[in-house]
Amino acid sequence: MIIGEQKPLNEICEILEGHHRILIAGCRSCVAICLAGGEKEVGILAESLRLHSDLEGKGWEIEEVTVERQCEKEWVREIAPKVEGKDAVLSIACGVGAQTIQAMYPKVRALPGLNTSNMGAPVEPGIFLERCGGCGDCVLHLTGGICPIVRCAKSLLNGPCGGSQNGKCEIGRDTPCAWEEIYQSLKELGRLDLLEANIPPKDWTPSRSGGPRKIVRPEAVMSETERQLRGER
Amino acid sequence: MSTPSPQPPNSLLKTKVVKKAIVLGSGLSASVISLEIVNQGYDVDLLMPGNELINLDSYSFPDEHGRRSAVEKMKIIGSSPRIRLHRDCTITSIDGSPGDFEITFNEADGNGSVRGGAIVLALDPSPSGIGLGASVVTNSGIRGIIENDAAIPKVVVFIEGSSTTMSCPAQGTTASIENALSIKKKRPDAQVYILVRDVGAPGFFERTYQIAQEKGIVFFRGDFSYRQSLGGSGSLIAMDPVVGEVNIHADLIVRDEGFDLGSNPILARKLGLYLSQEGQPPRFNTRLHPGETIREGIFVSRGLGASILASENFSEACAVASTTSELLSKEFLEHGAEVAFVDKEKCSACLACVRICPYDAPLIGDKGKAEIQVAKCQACGMCVSLCPSKAIDQRNWTDAQLSAQIVIASKGDSR
Amino acid sequence: MSQGKRIIAYCCEHGGIGAVERAEEEHRQSSPDVVIIPVKCLGRVDVLHLLQAFREGADAVFVVGCLEKNCHHLYGNIEARKRVDQAKHVLDSLGLNGERVEMFNMASNQGLEFMQSAEIMIERVERLGPNPLRVKR
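Chains as they are written, first to last, in the working numbering: chain A, 32 to 264; chain B, -1 to 413; chain C, 59 to 195.
Worth flagging that the hints you see were computed from the coordinates, not collected in a lab. Bear in mind that the values here come from a model prediction, so they are computed numbers and not experimental data. Heads up, the beta-carbon is just placed ideally off N, CA and C, and yes, glycines get one too. One or more of the hints may lead you astray.
[Claimed, not checked] Simulated pairs of lysine-lysine, PhoX-like, Cα-Cα distance not exceeding 20 Å:
1) C:K63 x A:K38
2) B:K344 x A:K104
3) B:K365 x B:K342
4) B:K365 x A:K113
[What the hints assert, rightly or not] If the Cβ cut is set under 7 Å, some of the chain C residues that face chain B in the computed set are:
5) L125
6) E126
7) G134
8) I136
9) G153
10) G156
[Unchecked claim] Here are some chain A residues pointing at chain C (derived, C-beta under 8 Å):
11) L40
12) N41
13) I75
14) L82
15) H83
16) D85
17) L86
18) G90
Input sequences plus hints: build the corresponding full structure.
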């Protein structure tokens, strides 16, 4: 899922400078699960900002709302009554949510309260580790289920670099060397032979480097006729 | 200031108490408990992991009377119509709620299931229960050393349970104190330490405790940790609340017997016992009654063992039987007055509540959203404050109620 | 001109209220500045409840629970400590000073300990001054 972290309170206050009627918008999806932007965090941030406003005499009016999934038009549309009359929506969903809000409410500034970070997993309560690089060309079958793109700091494709020491990456003692992990995994699977296959230089076109990506599922796209028959929703 | 008066129960769940106890285990502990529960008027299903009710050889009885008494008990249990014995049991599931539990199991001749109002896990200490190194013995072991006049080491340290405070308490510090005195008698220049959190010296044994101190046996009343593993000659760091940290190089460490849970670590988890790193049952809060665990209807006896005072042995078992019977004496158990509840619309199924609950009350139901099982919830409120989607609130302790209190409490006017 | 103080104490039903009652039994005078909000377990207390108190004008908030490893519900007090730390961080960012919120662990028979924790918070309020929001009202 998407992992993000709230911006520091002081930075949020700076971003909000000049606005007075503020709606804080959270999301029940990924950011709730990584404890950054769910309804609970919305409540705590709202209270903190109200305290700030009271202490500094800013006269902020702050309201709260949490959307089922902030990236979905239908759900974002539902909060229209709450957006009414506001001069800013502070989104603590991921960047996708914040942009969806801006797109649905072009006259009201959508401001980010969250730094969206990566695609990862909650390995333990409170600890979230990056797992997938979104490269668009997955080679997990060759690497024993360990992603070399993000779990290797250099995104190497054919084995560790010289900085790998005692199973740790040279960037820090806490970071496991992905290629050590890949080796162990393939060993456990009995497929060390896969290490001998050379993974060729990566085509980065399907990754972020190729520009904003668009994926189409033709079977789900509505044809013109279907649109007409269905009518406007 | 007055304390808040308890809420009248507006229960959601009323369980009719099944007037039977399910005792898991074998040995003296299980035997005494079963007999005492029958004396209180309730039937018992005794699920034994093995074939034998009491393996007499695994106990060191202080005298012949004790041994005869054990044999008597075996006879009574074997012929009592109110105790059903099940042999060679492997437990397959534990379901139900306090007052009405159901346990299914495989036994010697097929499989079976029993229902009972309370579950008692009756543990007897076992010499093989915990890993021992060369310079670590149990209280029974050291008795052997002393009696055989073997070379008694210079520095002997008695420790209670394991190195964490979550360990099982001693079966009375009496055993350690008696053995310590014997050591001092055989070797007056021995340095003997007893590391315990609470000194258990009941009744007139208090005088023996006093004598022990007069003889120069040193008591540390706090936590302690090992610098090395138990295998080597241990270096202990004792933390005394008054003196601070003290380093002791022990020649010999004497521990209580551990409890052999065998395949029971899984069982322990199902019953809500969080075992220590060495697989030992937890030391319970002293505000719990004898045998009580934090889970209603689940009782644990950490019974009979190396304690010198025979009466102490049976006291523990009787006390547990008594607490169990108290529950069984009720007609109904009511639950729900203060439980947490989930608004499924808001739930993100993030598993935070499932992970945090000490009672395993939340689960993800078949709608893919969290549900709180009413009979298990003990109203601690941790899931309520933790839920990232604010999907959980608590009956009679709602967020709205707390807010109202905060508003009034924070106003600066005098009361 | 000294203005009354308002200090809130969240107390769990075991260690917290226990210590409060023990203090009363021992005839220790409790300060009228301290108002107790009872909870079953400190695990119920969230960051929001701590911050809300300050918005409503409290000068300080302290949280009283059982000794660690002694919580009846195993770790409600440890959860509370994490929330208190979170609240301290927010108060520091806001310039209110994280010392206004604190966590205390004690046993249910430690009446004196409770009084001492109240006194520590009263001293802090005297040193840091009243909640600026209370002065404004």
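Okay, the hints, checked on the actual structure:
1. C:K63 x A:K38: 34 Å, violated
2. B:K344 x A:K104: 18 Å, holds
3. B:K365 x B:K342: Holds, at roughly 9 Å.
4. B:K365 x A:K113: Not OK: K365 (chain B) and K113 (chain A) at ~30 Å, beyond 20 Å, violated.
5. L125: Not OK, violated: L125 (chain C) not within 7 Å of chain B, min 10 Å.
6. E126: 10 Å, violated
7. G134: Where the cut-off is 7 Å and the nearest Cβ of chain B is about 5 Å from G134 (chain C), the hint holds.
8. I136: Because about 10 Å separates I136 (chain C) from the closest Cβ in chain B, which is outside the 7 Å limit, the hint is violated.
9. G153: Cβ of G153 (chain C) sits 19 Å from chain B, so the hint is violated.
10. G156: Because about 18 Å separates G156 (chain C) from the closest Cβ in chain B, which is outside the 7 Å limit, the hint is violated.
11. L40: Constraint on L40 (chain A) satisfied, holds at 4 Å.
12. N41: 6 Å, holds
13. I75: 5 Å, holds
14. L82: 5 Å, holds
15. H83: OK, holds: H83 (chain A) within 8 Å of chain C, min 5 Å.
16. D85: Result: holds, 5 Å to nearest chain C Cβ.
17. L86: This hint holds: L86 (chain A) lies near chain C, its Cβ roughly 6 Å from the closest one there, short of 8 Å.
18. G90: The hint is violated - G90 (chain A) has no Cβ within 8 Å of chain C, the shortest such distance being about 13 Å.
Going down the numbered hints, you'll see the structure goes against 1, 4, 5, 6, 8, 9, 10 and 18, while the others check out.
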